[in-house]
Amino acid sequence: MTTDPDLDLTLLRLLGPGEPEVDCDECFELLDRYVDLELADEPAEEILPGVRAHLAGCPACAEEHESLRALVELDHLS
Amino acid sequence: MRAGDTNETMSAAAATAAPATAPDDWHLDLRGDGRRREEAIARLHGLLLRAARFEVSRRRASLPRLTGGDLDELAQEAADDAAMSVLRRLDDFRGESRFTTWAYKFALLEAAVKVRRRAWRDRELTLEPETWSQLEHPAPSPAATAERGALLAAIQEGIRTALTPRQRQVLVALALNGVPIDVLAERLGSNRNALYKTLHDARRRLRAHLEATGFTGGRR
Ligand SMILES: [Zn+2]
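Just so you know, the sequences run in chain order A and B. Note that my numbering gives residue 22 to position 22 of the first sequence, counting from 1, and the numbers run on in steps of one. Note that my numbering gives residue 116 to position 38 of the second sequence, counting from 1, and the numbers run on in steps of one.
With the rest of the complex left out, here is chain A:
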């Protein structure tokens, strides 16, 4: 957005992703499918639109997405 990464982060937090997004409840409902699709290299965002934008705008859901992805990846490794 600008030439300053700190400012960009502040702007993202203040202004949000600026595109259609699901809400937190919908994100939670879809999160398991979204992660399984991502890890299967399927186009998760095309199949479940609005999740990626929500994850960009919502730090709490984003943390839970990262954790779920990391945990399922760990299972795939073992």
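These are computed hints drawn from the structure, not numbers from a lab. Do not take every clue at face value.
[Claimed, not checked] For lysine to any residue, the following SDA-like pairs were computed, each having C-alpha atoms within a straight-line distance of at most 25 Å:
#1 275(B) with 239(B)
#2 275(B) with 33(A)
#3 275(B) with 59(A)
[As the list claims (entries may be wrong)] Simulated DEER-style distance windows between Cβ atoms:
#4 244(B) with 59(A): 18 to 28 Å
#5 269(B) with 49(A): 16 to 26 Å
#6 19(A) with 267(B): 22 to 32 Å
#7 19(A) with 269(B): 18 to 28 Å
#8 148(B) with 19(A): 32 to 42 Å
#9 49(A) with 115(B): 29 to 39 Å
#10 47(A) with 203(B): 33 to 43 Å
#11 43(A) with 244(B): 34 to 44 Å
#12 29(A) with 103(B): 14 to 24 Å
#13 20(A) with 115(B): 36 to 46 Å
#14 113(B) with 59(A): 42 to 52 Å
#15 29(A) with 228(B): 38 to 48 Å
#16 228(B) with 43(A): 33 to 43 Å
#17 171(B) with 59(A): 23 to 33 Å
For each residue, glycine too, the CB sits at the ideal point set by N, CA and C.
Fit chain B with the ligand to the known structure of chain A by using the hints.
Positioned in the frame of chain A, the structure of chain B with the ligand alone reads:
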């Protein structure tokens, strides 16, 4: 439901098995009865405890004063709460993901919320909107200073004039003061989804204000 020795054993067994290839249909026994159901519940609890411990350990830096025992207690509580949610919502699972992925998310959510709330338990929340700390730190170059100055002034004006008091309170707490949404929800007697909707409305109004002032996407 408290994790005892049986669950510990189940957890260890689940961790050493190869979940990616192991049959994923044991969860059907959760709907059954008798011994098979008990075994399936113990297995479920082991899986949820593993996920809760995983989350607590990822976030442990935010809880420097908690002992290993405290942290594990937090994980146990999260696993217990998650088990209740999973058993209550079994009908919501329609096989569109792996059962483990579906079940894990309940434990990760419970654990993440508990960690956030514990980390902020003794911190006072400033819910006064006149805290602009994040908007005031110095910019790296004169050009960036000018760009930043105009934009930040427009944002401050937008926050002051374009939002309702509630929208201003929620936006400042979440986006500027870094208060986790679950912590704010607890203090305001609300929930994550309702606060996110308020945040979303505030963001839309602020965007509209910036566009009316001549900025698009953060640029003039
Ligand atoms: Zn969210």
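Checked hints:
1. Straight-line distance between C-alpha atoms of residue 275(B) and residue 239(B) comes to about 19 Å, which keeps the hinted pair within the 25 Å bound.
2. A C-alpha spacing of about 23 Å is found between residue 275(B) and residue 33(A), which places the hinted pair at or below 25 Å, so the restraint holds.
3. Using a Cα cut-off of 25 Å, the hinted pair residue 275(B) and residue 59(A) holds, with the two alpha carbons roughly 14 Å apart.
4. The hinted range of 18 to 28 Å is satisfied by residue 244(B) and residue 59(A), whose Cβ atoms lie roughly 20 Å apart.
5. Our hint of 16 to 26 Å for residue 269(B) and residue 49(A) holds, since their Cβ atoms are close to 24 Å apart.
6. Separation of residue 19(A) from residue 267(B) is about 31 Å and conforms to the stated range, judged on CB atoms against 22 to 32 Å.
7. Checked against the hint of 18 to 28 Å, the pair residue 19(A) and residue 269(B) passes, with Cβ atoms roughly 24 Å apart.
8. The given range of 32 to 42 Å is respected by residue 148(B) and residue 19(A), whose C-beta atoms sit roughly 41 Å from each other.
9. Between residue 49(A) and residue 115(B), the C-beta spacing of about 38 Å keeps the proposed range 29 to 39 Å intact.
10. Between residue 47(A) and residue 203(B) the Cβ separation comes to about 39 Å, which falls inside the hinted range of 33 to 43 Å.
11. For the hinted restraint 34 to 44 Å between residue 43(A) and residue 244(B), the CB-CB distance of approximately 38 Å keeps it satisfied.
12. Separated by about 22 Å at the C-beta atoms, residue 29(A) and residue 103(B) satisfy the suggested range of 14 to 24 Å.
13. Separated by about 42 Å at the C-beta atoms, residue 20(A) and residue 115(B) satisfy the suggested range of 36 to 46 Å.
14. Taken as a hint, the range 42 to 52 Å holds for the pair residue 113(B) and residue 59(A), whose Cβ atoms sit roughly 44 Å apart.
15. Here the CB-CB span from residue 29(A) to residue 228(B) is close to 41 Å, well matched to the stated 38 to 48 Å.
16. Separation of residue 228(B) from residue 43(A) is about 39 Å and conforms to the stated range, judged on CB atoms against 33 to 43 Å.
17. As the Cβ distance of residue 171(B) to residue 59(A) is approximately 27 Å, the hint placing it in 23 to 33 Å holds.
No hint from the list above goes unmet by this structure.
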